[in-house]
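What follows is each chain in one-letter form.
Protein chains: 4
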Amino acid sequence: MKKIPYVKGNDHTVEMAAERRKFVKEVTGADLKHVGSFSIDPSALPGNIESFIGVAQVPIGLAGPLFVDGEHAKGEFYIPLATSEGTLVASYSRGMKLLSEAGGVTCTVIDEKMQRAPMFAFENARYAREFGKWIENNFEEIKAKAEETTKSGKLVEIEQYSVGKLRFLRFDYTTGDAAGQNMVSRATHHACKWILAQKPEGMEHFTLAAQMDTDKKHSQINTLKTRGKRVVAEAVIPNELLKKIMHTTSRALFNQRQYSNVGALLGHSSNNGSHSANGLAAMFIATGQDAANIAESSAAIVHCELRENDDLYISITIPSLIIATYGGGTSLPTQNECLKLLGCEGKGKVYKLAEIMAGVVLAGEMSLGSAIVADEWVSSHEAMGRNR
Amino acid sequence: MKKIPYVKGNDHTVEMAAERRKFVKEVTGADLKHVGSFSIDPSALPGNIESFIGVAQVPIGLAGPLFVDGEHAKGEFYIPLATSEGTLVASYSRGMKLLSEAGGVTCTVIDEKMQRAPMFAFENARYAREFGKWIENNFEEIKAKAEETTKSGKLVEIEQYSVGKLRFLRFDYTTGDAAGQNMVSRATHHACKWILAQKPEGMEHFTLAAQMDTDKKHSQINTLKTRGKRVVAEAVIPNELLKKIMHTTSRALFNQRQYSNVGALLGHSSNNGSHSANGLAAMFIATGQDAANIAESSAAIVHCELRENDDLYISITIPSLIIATYGGGTSLPTQNECLKLLGCEGKGKVYKLAEIMAGVVLAGEMSLGSAIVADEWVSSHEAMGRNR
Amino acid sequence: MKKIPYVKGNDHTVEMAAERRKFVKEVTGADLKHVGSFSIDPSALPGNIESFIGVAQVPIGLAGPLFVDGEHAKGEFYIPLATSEGTLVASYSRGMKLLSEAGGVTCTVIDEKMQRAPMFAFENARYAREFGKWIENNFEEIKAKAEETTKSGKLVEIEQYSVGKLRFLRFDYTTGDAAGQNMVSRATHHACKWILAQKPEGMEHFTLAAQMDTDKKHSQINTLKTRGKRVVAEAVIPNELLKKIMHTTSRALFNQRQYSNVGALLGHSSNNGSHSANGLAAMFIATGQDAANIAESSAAIVHCELRENDDLYISITIPSLIIATYGGGTSLPTQNECLKLLGCEGKGKVYKLAEIMAGVVLAGEMSLGSAIVADEWVSSHEAMGRNR
Amino acid sequence: MKKIPYVKGNDHTVEMAAERRKFVKEVTGADLKHVGSFSIDPSALPGNIESFIGVAQVPIGLAGPLFVDGEHAKGEFYIPLATSEGTLVASYSRGMKLLSEAGGVTCTVIDEKMQRAPMFAFENARYAREFGKWIENNFEEIKAKAEETTKSGKLVEIEQYSVGKLRFLRFDYTTGDAAGQNMVSRATHHACKWILAQKPEGMEHFTLAAQMDTDKKHSQINTLKTRGKRVVAEAVIPNELLKKIMHTTSRALFNQRQYSNVGALLGHSSNNGSHSANGLAAMFIATGQDAANIAESSAAIVHCELRENDDLYISITIPSLIIATYGGGTSLPTQNECLKLLGCEGKGKVYKLAEIMAGVVLAGEMSLGSAIVADEWVSSHEAMGRNR
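Protein chains in written order, with numbering that gives the first Met the number 0: chain A, 0 to 387; chain B, 0 to 387; chain C, 0 to 387; chain D, 0 to 387.
Check before you lean on any hint, since a few could be wrong.
[What the hints assert, rightly or not] Anything over 12 Å on all C-beta distances counts as not near chain A; from chain C, calculated:
no., residue
1, K7
2, S36
3, P45
4, W193
5, E203
6, T222
7, R250
8, R256
9, A263
10, G266
11, S268
12, P318
[Claimed, not checked] Here are the simulated lysine to any residue pairs, SDA-like style, with alpha carbons at most 20 Å apart:
no., chain 1, residue 1, chain 2, residue 2
13, B, K7, B, L44
14, B, K144, B, Q197
15, B, K132, C, E70
16, A, K339, B, E135
17, A, K73, B, T27
18, A, K73, D, R125
19, C, K32, C, K7
20, C, K192, C, K242
21, D, K339, D, K21
22, A, K339, B, K132
23, C, K1, D, I244
24, D, K142, D, H188
25, B, K2, A, S36
26, B, K1, A, T148
27, C, K2, D, R125
28, B, K198, B, F253
29, B, K32, A, S36
30, A, K198, A, G103
31, A, K24, B, E344
32, B, K21, A, T148
33, B, K242, B, S38
34, B, K2, A, P64
35, C, K24, D, W133
36, D, K339, C, E75
37, C, K192, D, E135
38, C, K192, C, N238
39, D, K1, C, D68
40, A, K192, A, T248
Keep in mind the hints are simulated off the structure, nothing from the lab.
We put the CB at the ideal spot given by N, CA and C, even for glycine.
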């Protein structure tokens, strides 16, 4: 078994990357010429990657402008979308045009939380219940302990869920401009060490995580209780604009919503909208977010209303948008440039970024949703000859 | 409102990309120097991106080797992981080492399907029911119609689901080495035009999609019925290896599984494992898959058994792995190189890639799962002094 | 530990019941005077109850008439509702009046299935997959085996679901006028014995049930795939009638539907309607159905449409209505009388009963749904002074 | 259309019931002889039923004794089960014997809540968010208002859930010995009138309920957050007892649990156990509970552990047990006698009843679960000849 070349202490260099690509060529025959073509400085990569060999070059297209009426993001934004799915940029741009001409998209962060959910097992359910009360009564002390490990993380609540002798706690934090998964793990671990040191009566077992966070996966509890930012994009769209730009009507879109809700309830989908994952994944890659969080961030709930004047009120709520404007991949060169393009680089910018992303998502919903409805209009009527 | 520069007919050039970056600098002040540093030839990008401005450079680390015992992937594989999450590559490598030393990971594609789910609304439930029977009776003709539009797509089944006057059909296709979403949309649309031309009795409305596919979102129906490849990775791991490499035991991991299953049922998670989205997202970006499909592909079900000799049987089933080895982003230069590195470039390779990905996912489960269990071991016992 | 008196061979007598009530009085002090007041003949109870002591007298109220426009139930029906929840009978009657005046409720059984879901575990996923193919290829022989044990049960499909090395089969039967749970257990068990006798390669374990039926509990798979009867009630209700009888409007009810759908998606409810369990439980008790099946039968999906003339189309789909018109509790004297009242006693009547029940359920939805909306109208406007 | 006879003011009499039965006979031909045979006094029925015609006589069998080690229920209990499903009483008795011989079943109420969930719609998400803060800040005043309408109900929390411009509040109450649905509706309605009188800024609409309670239906939110009593039954069962009484082993049951958990995750069931609805429905009918609440009360989570000495720890958690010991149907004669039999009649007894019910449910799980496993043992081995 051949081992990947690795150098202690000074592993993130152009030379080591080249040596590993050479190794790859020897063992697999693959010539990583383009992978080896990068402008970024490997010495900045510790903390982001191990056994660095080069980069994936993901094409970025520029969409927009999108007029965002947020509390933090205000005005027109051009949106960098990193994707290889053809038409995605064009389709989102079309939606942005619609929203912008309708007066912009109103975006609001309505909640935020990041969590780690340790589980404590006891000899029986009564000990577990007493432990739950003890946690409630000692919240301030636990909070103080947790916050010893972090400057920006604040413990705001400990949710409790119980099954038999098991007690799941969900430590909810605000985490500033970082996504905060590591921050809350460290803080919760530290707080739990203190809890364990109090020797809870009847305790049998402790684990830092047992599927109630829930990290890197969709869950109903996250949709209910928020993970990351809970952000809403909403707009009122004149019927005339829908006709002009989208070749459909508010009524057609509203009727489709009725069918889609039934479909979402029946198939039990994490999202009753069209494809928010598309816009989010493209922005996540462009701006250095963790693309694995698309698992959680792809959940959404669309709600719309048909106004008496045939205008369409439409909103999308993303309950688990997990993003950052510093830390993680946000300081990588191309990603950082894209954040700058959005005016979202560094501290104090995460709400702004959340608002923009929500606006982009709604643009994508309007575009694909309208395409489905309009296409159906064309094709079904063409076939059925109703217009003849 | 300033418009992004765009040239009809010859838009994908180095010059147009530069002009757009200049535009970005003018309107936002952001200097897209690194975004503009790419080795790929823009003229190959039509079909992948619009309004091209450059690339996101996502660092790739090399993990492995992983010994895969698949039906298509056989032997040792080095794995390119595109990520900016530190420790991810190292952690997956640790899991690969474990699986490899345990004799390898057995990977099997057990089902595959790609679908489009049109909905037909009728005057009442009886017409809808009769339509359902008609669809059953005319399957062969519908299949022939659908397959007129595609060489590699084969319609294998039309599932039916009904609510009141609405009839949702799920057209299930095999799609060869392509992910196939567009292929099945086109084929289904074509078949539906034929269906509509037969003027189904009592029909009121048709739409090509209404949330029963379900595309770019997790759903229980996909977990049940498969979307993309349904692939299993499984391994039997000696307890001694777990102790040596993971500093934990089969029994500790098995006990954790009991808690995790309760947590997954309680929180209603799409995945009772740890973090399959991490490995998948990193491979998706490296190999040109559509990262938005992490929404669906992040679902998984872990099942494990503790053998009488204390060996651990562990498996993970990914019910909706949506990947391709040609088409889409797979022909982009860096992504194509990574596919070559894996021996998975081009036609006839998609099962091999699915097997490797499943193996990588199981490696990640073993690594993070063990870390959680071992850490708890250390920290809780340190705190509680049980070993003293 | 005192043992409940029991006589081999001749246990279902008035005397034994009295002796047991005497025993109860001795050990608990409770005088079961009313429990001991029954008109039914205990000698008819073997097969329905063990250690018989008497009866629960559940009050029955008469609701209706309800005009049902079914394929099997046609005309006006008076509905016996066994309940102790005050206002339930009156509320359902109000809904029945509305539906009847609107021209009746159209009820349709659109699917039916009863299942038992055995699970087969194999050495690995490949054996499990091969077994799945073998099952497909041997369907006719398996069907013949299963049907050896029953006259009225017909095996119509074997669904397959797979996780790792586990293969869940769902044997779907039609069961005539019986609910059929025992029938399908016996038939499936018999068929599985034959399957096991073929010694499936690599098989490690078999169990007749492992949560994929799913019996006496709600599940998404039942909502998708039907358990018992899948029955729809639908009606078109003039806005004027809603105003006159319900003191609300079609528009108000339709708007409430938008909110309710969001609520159902958010809380992940088994039913986006109001309270179908109320009417079903009351009819189940009155007509000798198994009240435990309310677990499954309480699931429902409401879909409504606001017509251009402001009429309201409304439907409710019950995907898992588990009922019978013979067998089980249907032959008990009071229950049998209630079935006769409905014209649903004995063989050949189960579709009729399903239609009536669905109609009753829709009546209840209209009544409670309207009450909520009308009350809100009153109270919120009273409070907020919008009408002043 | 013939109308059911009805007398204002004095409708609940033997005579009126007879007159209605005569009416039934005229219009349907059904002779309600047994329905008309009841010992209960109709004059006690206002508040329980309208248009009374008689009773359903549901056979009651006596099971037990079950040794319960609760905080409120202590000692041996004989259990009245009203059912027409043969073997149910015998099967539960077998499970009670097992639990009793194992030293009894430990039962604990770990949480309790009853809720009503009004929804407030606003002009946009920002108003909705501000309203949420206002609710938090005015909790004490809202609580005071709500509690004006009830002596026993206490408002303990207002949960908040948000989607776009919609704000769902969940008013959580403790309700003493009543189930409390009406109590909390009244209290919440009263509190909401006060809230509305404050004229929340930007409010557009209010409704007292929109699917987030969730009443008479299963939901994930209820499983997470409790509705009614959250009660646990747990026991440690020696392997020898399982062999002797159940003809199976702890290991076989534990292995089955692994499969069942996968099945429950895959089918997305409200309950990973066997059939808790059976025991609960039978006790609900016997003791005058609302059988429609089986919809919610049938949810459960089983967790078990295999001890090193091969003893089996097993628990079942019922998150939404909705019961009462006074009010509703509990004062009906036969039902009240059954409550007395259990020593659970009247105020101050609801925890005791919850504990007994949980214990009964666990008995049923052990019995059916063992039967499945043992049967499989017999049949599969008989067929496969592994023991030969």
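Hint check:
| no. | hint | in the structure |
| --- | --- | --- |
| 1 | K7 | 39 Å, holds |
| 2 | S36 | 40 Å, holds |
| 3 | P45 | 38 Å, holds |
| 4 | W193 | 35 Å, holds |
| 5 | E203 | 27 Å, holds |
| 6 | T222 | 7 Å, violated |
| 7 | R250 | 10 Å, violated |
| 8 | R256 | 8 Å, violated |
| 9 | A263 | 6 Å, violated |
| 10 | G266 | 7 Å, violated |
| 11 | S268 | 9 Å, violated |
| 12 | P318 | 9 Å, violated |
| 13 | K7(B) - L44(B) | 15 Å, holds |
| 14 | K144(B) - Q197(B) | 13 Å, holds |
| 15 | K132(B) - E70(C) | 17 Å, holds |
| 16 | K339(A) - E135(B) | 56 Å, violated |
| 17 | K73(A) - T27(B) | 13 Å, holds |
| 18 | K73(A) - R125(D) | 15 Å, holds |
| 19 | K32(C) - K7(C) | 25 Å, violated |
| 20 | K192(C) - K242(C) | 61 Å, violated |
| 21 | K339(D) - K21(D) | 35 Å, violated |
| 22 | K339(A) - K132(B) | 57 Å, violated |
| 23 | K1(C) - I244(D) | 18 Å, holds |
| 24 | K142(D) - H188(D) | 12 Å, holds |
| 25 | K2(B) - S36(A) | 31 Å, violated |
| 26 | K1(B) - T148(A) | 47 Å, violated |
| 27 | K2(C) - R125(D) | 66 Å, violated |
| 28 | K198(B) - F253(B) | 57 Å, violated |
| 29 | K32(B) - S36(A) | 14 Å, holds |
| 30 | K198(A) - G103(A) | 56 Å, violated |
| 31 | K24(A) - E344(B) | 15 Å, holds |
| 32 | K21(B) - T148(A) | 44 Å, violated |
| 33 | K242(B) - S38(B) | 46 Å, violated |
| 34 | K2(B) - P64(A) | 8 Å, holds |
| 35 | K24(C) - W133(D) | 57 Å, violated |
| 36 | K339(D) - E75(C) | 42 Å, violated |
| 37 | K192(C) - E135(D) | 61 Å, violated |
| 38 | K192(C) - N238(C) | 58 Å, violated |
| 39 | K1(D) - D68(C) | 18 Å, holds |
| 40 | K192(A) - T248(A) | 59 Å, violated |
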